[in-house]
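In the numbering used here, the protein residues as written are 1 to 582.
Derived from the structure by calculation, the hints contain no laboratory data. On a predicted model such as this, the values are computed, not experimentally measured, just so you know. It is possible that part of the hints are untrue.
[As the list claims (entries may be wrong)] Restricting the straight-line Cα-Cα distance to at most 30 Å, the calculated cross-link-like pairs of lysine-lysine (DSS-like) are: (1) 135 x 498; (2) 314 x 259; (3) 155 x 135; (4) 498 x 79; (5) 155 x 220; (6) 314 x 304; (7) 495 x 304; (8) 498 x 551; (9) 79 x 135; (10) 551 x 525; (11) 546 x 495; (12) 495 x 525; (13) 259 x 525; (14) 259 x 546; (15) 220 x 135; (16) 495 x 79; (17) 220 x 259; (18) 304 x 259; (19) 525 x 304; (20) 546 x 498; (21) 551 x 495; (22) 546 x 525; (23) 498 x 525; (24) 67 x 79; (25) 135 x 67.
[Unchecked claim] What follows is a set of in silico ranges between Cβ atoms, one per label pair, in the way DEER data are often shown: (26) 248 x 137: 32 to 42 Å; (27) 313 x 133: 46 to 56 Å; (28) 544 x 313: 40 to 50 Å; (29) 139 x 111: 19 to 29 Å.
All residues carry an ideal CB built from backbone N, CA and C; glycine is no exception.
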Amino acid sequence: MQKKLLSFIVILFLYGSFLAFTGVKGELSGELNTRQTQELSIGFLWNYSSGGYISSSACVADLDGDKTMEILVGSDDGKLYCISDSGSEEWTFSTTAEIESSPLIVDVDGDGNLEVIVGSHDSRVYCINGQGTEKWNFITGGWIHSSPAAADLDKDGTMEIIAGSYDFNIYCIDHSGSEEWSYSTSNFIRSSPAICDVDQDGDYEILIGSFDNDLYCLDKNGNLDWSYSTNHGIESSPAVADIDNDGGIEILIGSNDNKLHCINHGGEEEWTFTTGAVIRSSPTIADLDNDGTAEVVFGSDDNKLYCLNHIGEKEFSSTNPGDIRSTPCIADLTGDGILEISFGTMENQVYCLSLLSVTSSGVTPWYCFKGSVFHTGMMDRDGDYLDELTEEYYGTNPNNRDTDNDGYSDGMEAFAGTDPTNDYDFPNYSGTPPTNPAPNNGLSSTIKILIIAGGAIVVTVLIIVVVITQRRKKKPTITPQPSSQLLAEQQLLEKRHKNLRNIIDSYEEISLELMAEFLGFEDTKELQRWILSLPGEKTFYIRGDKVIIPKELKTETTETEEAINNLLKSFDDFEKKGKGKV
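Build out the structure end to end from the sequences listed, making use of the hints.
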């Protein structure tokens, strides 16, 4: 079978807002000596509105076997959305609370069909089939913000699911939804797990951070192999790869100590790099200049994107409006064999950076959040855009980017709907097939940039694509959307109201640290100042390092709603003075 390949989806940015694209070009600020602009063929293919903010990252897969990709993403309205490649809704699945966890696509039970795994703030991990029907759910003792990962840990032909919870525990769940084991940390878990044979002993290890300051490495049975302390809470998720080409695996993770940490397979520090603020962004890894060693790319709350070499030295950084908490995505967007770096900021801007002096790029072992667009938490060793677990599903070789040797990478064929193991079944490609690039001498800190800016109004999917056929010559005309600021403020007000209601309903007392996290304060001192400034009796108060929730607030009465509205107004006034930050 031959199928016309219209576009190869390599990145999906999902925002809890509509980016009203204006096509604005701008310059990169920072330590760069030369700046140029480059227009990419980027624009809206379609948009789809959910019923709430989107904090979840999208994943893609052909769930129904129709040779086209579905897009899956969670929303603060408690729903998981399955959207077709043309932007139409295929199905939704409802939980009872927000979904900020990002979905995972995997064949859980080995029956040849893909399932969707996702966590919810209703404390459950859900397994959903390709038609949107629940197969099982697993109940934990706290919110699930962590995005699950999967692997066949015990080599029985079925998958185990790993997820962290706000109840401080790391859970291992079998293919039928039963607990296999759990491991307790000392604080809540926002970090998402990575799974890798770190020590190359033939068994997988699980890597995940906790807000108790530690990165944990657990064996397949849930026993601690080692832990590594950053001395501050960890919200970033680990990335894994052999970045220095020495045959061993390195683990990269950010921390609220303002540092990116590089750790070897035994849990020992290889190096750290210090930024100007906490690192909530998760790193991505790619050989940008095809020199045989990898670069590490990540963002920081100091408004900078950083690119480091394999020994932790800065190759370049860029200063951008807004904290960078998103995970950068690295892919060849223009089809020229050179990788581009895309990322979003907290100021509703999307940036796409290209390396000017690089003539070719190498492999991308961890090119986006959770390693690949399937979010399995495994690495893409051969850089074909299929992680190792997804390679098992397709029957391809994880160490060969073109398993059937037909000139098209396994990932290109998977996204085109052709068979990556059959050299007679390949995309109907009108141009020259890709070839392996020649080595390059090194990176230059000179880059091209396209800045796309706008305000927030409704939820939209922005898909950045590599156009394989019917490549457009003209940049699409995109009309800015009206009234974006007004609608953005309304959605933000609704989100704050929901967060306050969740805190009131779920807690009698809550740590200052956790409440600051929920409400978006930079630190607990600013939260304390806000609470101390609150008027009236129906409000929070502080006892030691805890925030006490009065019983008077735990009702559905009009008075309680009025009290919450007063809290929100006080919060808004406080924020306008430059203190609290959400």
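For each hint, the structure was consulted:
no.	hint	in the structure
1	135 x 498	holds, 29 Å
2	314 x 259	holds, 13 Å
3	155 x 135	holds, 22 Å
4	498 x 79	holds, 15 Å
5	155 x 220	holds, 10 Å
6	314 x 304	holds, 12 Å
7	495 x 304	holds, 27 Å
8	498 x 551	holds, 18 Å
9	79 x 135	holds, 16 Å
10	551 x 525	holds, 25 Å
11	546 x 495	holds, 23 Å
12	495 x 525	holds, 23 Å
13	259 x 525	holds, 22 Å
14	259 x 546	holds, 28 Å
15	220 x 135	holds, 24 Å
16	495 x 79	holds, 15 Å
17	220 x 259	holds, 29 Å
18	304 x 259	holds, 13 Å
19	525 x 304	holds, 24 Å
20	546 x 498	holds, 21 Å
21	551 x 495	holds, 23 Å
22	546 x 525	holds, 12 Å
23	498 x 525	holds, 23 Å
24	67 x 79	holds, 25 Å
25	135 x 67	holds, 24 Å
26	248 x 137: 32 to 42 Å	holds, 38 Å
27	313 x 133: 46 to 56 Å	holds, 51 Å
28	544 x 313: 40 to 50 Å	holds, 43 Å
29	139 x 111: 19 to 29 Å	holds, 24 Å
Figure legend: structure checked against the earlier numbered hints; every hint is met.
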